[in-house]
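**Q** As they're listed, the protein sequences go chains A, B and C.
Using this note's numbering, the first residue of the first sequence is number 1, and each one after it goes up by one.
Using this note's numbering, the first residue of the second sequence is number 1, and each one after it goes up by one.
Using this note's numbering, the first residue of the third sequence is number 1, and each one after it goes up by one.
It is possible that some hints are incorrect.
Heads up, simulated DSBU-like pairs for lysine-lysine below, C-alpha to C-alpha not over 30 Å straight-line [as the list claims (entries may be wrong)]:
(1) A:284 with B:354
(2) A:284 with B:75
(3) B:235 with A:284
(4) B:353 with A:284
Derived from the structure by calculation, the hints contain no laboratory data.
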Amino acid sequence: MTTMEKTANVPEPRAADGDGTPLLQVRDLHVEFHTRDGVAKAVNGVNYSVNAGETLAVLGESGSGKSVTAQAIMGILDMPPGRIPQGEILFRGQDMLKMSAEERRKLRGSKIAMIFQDALSSLNPVLSVGYQLGEMYRVHQGLSKKEAKAKAVELMDRVRIPAAKERVDDYPHQFSGGMRQRIMIAMALALEPDLIIADEPTTALDVTVQAQVMDLLAELQREYNMGLILITHDLGVVADVADKIAVMYAGRIVETAPVDELYQRPAHPYTRGLLDSIPRLDQKGQELYAIKGLPPNLLNIPSGCAFNPRCPKAQDICRTETPALAPVTERDGAPLAGRGSACHFWKETIHG
Amino acid sequence: MAETAKNEEVSDVVPSTAETTAEVEAVLDAPVDRGEPILQVRNLVKHFPLTQGILFKKQIGAVKAVDGVSFDLYKGETLGIVGESGCGKSTVAKLLMTLETATSGEVFYKGQDITKLSGRALKAVRRNIQMVFQDPYTSLNPRMTVGDIIGEPFDIHPEVAPKGDRRKRVQELLDVVGLNPEYINRYPHQFSGGQRQRIGIARGLALNPEVIICDEPVSALDVSVQAQVINLMEKLQNEFELSYVFIAHDLSIVRHISDRVGVMYLGKMAEIGTDSEIYDHPTHPYTQALLSAVPVPDPAAREGRERIILTGDVPSPANPPSGCRFRTRCWKAQDKCAEEVPLLAVPEVFAGKKTLAAHDSACHFAEERDVVHAA
Amino acid sequence: MPEKTLPHETTVPEAVSTAMKSGAGKPRSLGQDAWRELRGSWLFWSSGVLLVLFIVMAAFPTLFTGVDPRQADLRGHYLAPPNWSHFFEADWFGYNGQGQSVYARTVHGARASIIVGVCVTLAVTVIGGLVGMLAGYFGGWVDALLSRLTDIFFGIPLLLGALTLLQAFTHRTAWTVSLGLATFGWMQIARVMRGAVITQKQADFVTAARALGAGTGRILFRHILPNVIGPVIVVATIALGGYISTEATLSYLGIGLQDPVVSWGVDISAAQSQLRDAPHVLLVPASFLSLTVLAFILLGDAVRDALDPKLR
Numbered sequence: 001m002t003t004m005e006k007t008a009n010v011p012e013p014r015a016a017d018g019d020g021t022p023l024l025q026v027r028d029l030h031v032e033f034h035t036r037d038g039v040a041k042a043v044n045g046v047n048y049s050v051n052a053g054e055t056l057a058v059l060g061e062s063g064s065g066k067s068v069t070a071q072a073i074m075g076i077l078d079m080p081p082g083r084i085p086q087g088e089i090l091f092r093g094q095d096m097l098k099m100s101a102e103e104r105r106k107l108r109g110s111k112i113a114m115i116f117q118d119a120l121s122s123l124n125p126v127l128s129v130g131y132q133l134g135e136m137y138r139v140h141q142g143l144s145k146k147e148a149k150a151k152a153v154e155l156m157d158r159v160r161i162p163a164a165k166e167r168v169d170d171y172p173h174q175f176s177g178g179m180r181q182r183i184m185i186a187m188a189l190a191l192e193p194d195l196i197i198a199d200e201p202t203t204a205l206d207v208t209v210q211a212q213v214m215d216l217l218a219e220l221q222r223e224y225n226m227g228l229i230l231i232t233h234d235l236g237v238v239a240d241v242a243d244k245i246a247v248m249y250a251g252r253i254v255e256t257a258p259v260d261e262l263y264q265r266p267a268h269p270y271t272r273g274l275l276d277s278i279p280r281l282d283q284k285g286q287e288l289y290a291i292k293g294l295p296p297n298l299l300n301i302p303s304g305c306a307f308n309p310r311c312p313k314a315q316d317i318c319r320t321e322t323p324a325l326a327p328v329t330e331r332d333g334a335p336l337a338g339r340g341s342a343c344h345f346w347k348e349t350i351h352g
Numbered sequence: 001m002a003e004t005a006k007n008e009e010v011s012d013v014v015p016s017t018a019e020t021t022a023e024v025e026a027v028l029d030a031p032v033d034r035g036e037p038i039l040q041v042r043n044l045v046k047h048f049p050l051t052q053g054i055l056f057k058k059q060i061g062a063v064k065a066v067d068g069v070s071f072d073l074y075k076g077e078t079l080g081i082v083g084e085s086g087c088g089k090s091t092v093a094k095l096l097m098t099l100e101t102a103t104s105g106e107v108f109y110k111g112q113d114i115t116k117l118s119g120r121a122l123k124a125v126r127r128n129i130q131m132v133f134q135d136p137y138t139s140l141n142p143r144m145t146v147g148d149i150i151g152e153p154f155d156i157h158p159e160v161a162p163k164g165d166r167r168k169r170v171q172e173l174l175d176v177v178g179l180n181p182e183y184i185n186r187y188p189h190q191f192s193g194g195q196r197q198r199i200g201i202a203r204g205l206a207l208n209p210e211v212i213i214c215d216e217p218v219s220a221l222d223v224s225v226q227a228q229v230i231n232l233m234e235k236l237q238n239e240f241e242l243s244y245v246f247i248a249h250d251l252s253i254v255r256h257i258s259d260r261v262g263v264m265y266l267g268k269m270a271e272i273g274t275d276s277e278i279y280d281h282p283t284h285p286y287t288q289a290l291l292s293a294v295p296v297p298d299p300a301a302r303e304g305r306e307r308i309i310l311t312g313d314v315p316s317p318a319n320p321p322s323g324c325r326f327r328t329r330c331w332k333a334q335d336k337c338a339e340e341v342p343l344l345a346v347p348e349v350f351a352g353k354k355t356l357a358a359h360d361s362a363c364h365f366a367e368e369r370d371v372v373h374a375a
Numbered sequence: 001m002p003e004k005t006l007p008h009e010t011t012v013p014e015a016v017s018t019a020m021k022s023g024a025g026k027p028r029s030l031g032q033d034a035w036r037e038l039r040g041s042w043l044f045w046s047s048g049v050l051l052v053l054f055i056v057m058a059a060f061p062t063l064f065t066g067v068d069p070r071q072a073d074l075r076g077h078y079l080a081p082p083n084w085s086h087f088f089e090a091d092w093f094g095y096n097g098q099g100q101s102v103y104a105r106t107v108h109g110a111r112a113s114i115i116v117g118v119c120v121t122l123a124v125t126v127i128g129g130l131v132g133m134l135a136g137y138f139g140g141w142v143d144a145l146l147s148r149l150t151d152i153f154f155g156i157p158l159l160l161g162a163l164t165l166l167q168a169f170t171h172r173t174a175w176t177v178s179l180g181l182a183t184f185g186w187m188q189i190a191r192v193m194r195g196a197v198i199t200q201k202q203a204d205f206v207t208a209a210r211a212l213g214a215g216t217g218r219i220l221f222r223h224i225l226p227n228v229i230g231p232v233i234v235v236a237t238i239a240l241g242g243y244i245s246t247e248a249t250l251s252y253l254g255i256g257l258q259d260p261v262v263s264w265g266v267d268i269s270a271a272q273s274q275l276r277d278a279p280h281v282l283l284v285p286a287s288f289l290s291l292t293v294l295a296f297i298l299l300g301d302a303v304r305d306a307l308d309p310k311l312r
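Looking at chain A on its own, in the form it has when it is part of the complex (with noise of 0.2 Å):
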């Protein structure tokens, strides 16, 4: 009944696609909202890619910008009062954002797929959850209602959800949390999309189900080879599972390294805040680090980098200028693959 593993190693990150494109590129992307207090800068200048097979980690604090720069992707922004002033969102070369809207919902669903956070809001409560797995199939596929529903358990034994057969016409409420969780799992799966954005999957699960629904979320990826953008805030979440992160702030991302680089030498002030101040399972800690301060207030950042006013380290250059997302190397110049770091003082923050 119960199974013990020890943890697997980190998949190895796959290369990219025969031509070397990105599955997803974002770049430079913008996303403001036009509010009566004015105008709330939620992205600003965004930039990362996804492979086939990789697992990208977007890490950041509720209003960072990491759920809106999904939306974007997804074409979920409700415009106005959100606005995509400027930036591309490339999948496989293309930008999204000047397709036709037929043409995005054609690539939502079968191409990308989104998980959300509160798997019962979204699910629709009237309707069984063998119906609206089948409805992709009805509606991307034009499948028979006889052949969804197969296709429906098909998919629920594939998320391992007990006993398929006889729970594919139950509705979502009669579902636990951790199920619901596996069904909208299936869902996102259900056309073998080439990319899966997973919005905090896990954050209304418990401690232990979580666990399962993490493994099983990794496993398809891996079996289907397909890109995931997991965004997070759980540092502990991310540790497990990702191949590469990019940590974000105030909408611009503040620090791309690979994972366990990430952990070991953060280069960004924020970064190392953030890691400093999650109290330990294995030992009894003395105070915790606090970063000091607020979250940046969207309507009014602050010039020069955003974060200076709760960092530490921060110097007058910090407060004019914006730094920008550059090369992280060894201490002897030599390349470190995959690191970046936005902040004027990222040499001392990595080497001390």
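Chain A is already provided as a structure; the job is to place chains B and C on it using the hints.
**A** Frame of chain A, contents of chains B and C only:
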């Protein structure tokens, strides 16, 4: 279901003999020495009836949210209570606050059973036991200013602060929790989550309580703000000699702040002990599974760490399994577990041994296993 | 993925809207925020201007016309047509079948309509509000009793109930008509109130007040009421228009206000037989009636938008 066995962690209750309201109030306001038990919970039970019918309600069962929980809280310490959703930890908080009426069992505050108090005596309890809520967005009345929110305790208990002093007291409280005292006329919706939680803490502190029940006080906050609030709570504890019952699902935070930790599963306490006993020497399989499932933000420490992945979900508290409630998800379960309810006591294998594994654990087959540290 | 499964219908994402506050800025109550919102709303201003006009008309009709609405000159003015260029003069909207100035009668008719509308709304808000609050807060048998009572009254159509009750009065004034309407009109407010109170009484801040030792009165009036009054005001404002038109309907049916009270309903009723010969006699009071009702409904909408917490 009777859990009569005396267990060693739990101290003897010396019931108060107070009878009149004035006597009870005197008992409640009497000082307690550091390290002495201030709150003693005995066989606390809360069943929520499940009813059918609109006009003539018929009871068809009960959700056994809390089903026989006992523990002590000592003056000046923090007792962490962890568990998954539905384990009854939030109901325990409400029972300690007498916001819910216990089905049976007692909560002794300084020897006085508070579950059966009412009127002025109950109001005196409220002065001494306060609460910090989980959601900083819903726990503050959006129509009241910060000054009114933090000052409300003084309106309800006018004896604590004379009228002329109140504004000053509110500003002092704002200062104590690290907010600008000039914010007194602002409204909650003008503040961020962390600031709102500070307002909630200030309200909880207003009456100089001795015990604060914290129900997931930081789980709605951002990581960088969590640490600030935790540090603030620790600072306040030292400053005002507060005793905390700290209810949370985040095991790392609970370890950080707690002196002792209780693990709850499906309405019962599975294991209780000092932080090191629970985290470094867990003997209950559920604790072990829970600890091993915590994602650790350190890929290096994660390598070689043992992980126990439980299958299935928590059973419904309306119809809990017989015997040991964890047996349906336990890999050690045997026939005995279905027949006999394991008592919360030091397991026989460890009895009398000088090891940290010798602490209360409600398992027939208790066994020490380190799941937190890398092998 | 089918569109309907996407949960993001809200406008500004929550994470973004929460990242817009920091305790900085001036103290602003929700009421002040609502006012800021209302200030920029054309709905509010257009309905507000209309309502102010009607209310001034009701309070000081002589500001608008010096002509006595009851003064009849059958021989000289029988159904005389309007003279659209004679602003604010007795013959602006022509004369009715009794040779009375339609303009003067319409101006003076506003008072009865507004009095009935406001009185009924106040009465209904108090009765319905109290019933709903008690039912919602105490629950149990109190709720069962009050809710069934509400249901019973819901079964009686407002118009039919008022008709039957008012029949008992031989002499009917604006006050008796208000009483009749209020008796059968409070249920909607009671329901809205009950629902809102049930939601709010579970709010953490109410629990927090209980934990502090607050009594029932404080919890109800200091914590719950201020948080539920918004939707009730909206419903009441929209309903106000409805009461005015119901009053007109009653008067039209001959069971509402009676001559010599000047009211739009009475005039509409009197004008029906001459609709073909002199449509203006009916259309002028009818348009004023519709405009007043519309203005109240628009105001209700504007207030609802301004109080909508989702935008905040």
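**Q** Taking only the CA atoms, is the gap from residue 353 of chain B to residue 284 of chain A under or equal to 30 Å?
**A** holds (24 Å)
**Q** Check whether the Cα positions of residue 284 of chain A and residue 75 of chain B lie no farther apart than 30 Å.
**A** holds (21 Å)
**Q** Given the hinted pair residue 235 of chain B and residue 284 of chain A, is their Cα-Cα distance within 30 Å?
**A** holds (17 Å)
**Q** Has the given pair, residue 284 of chain A with residue 354 of chain B, been kept, meaning a C-alpha gap of at most 30 Å?
**A** holds (21 Å)
Of the numbered hints listed earlier, not one is contradicted by the structure.
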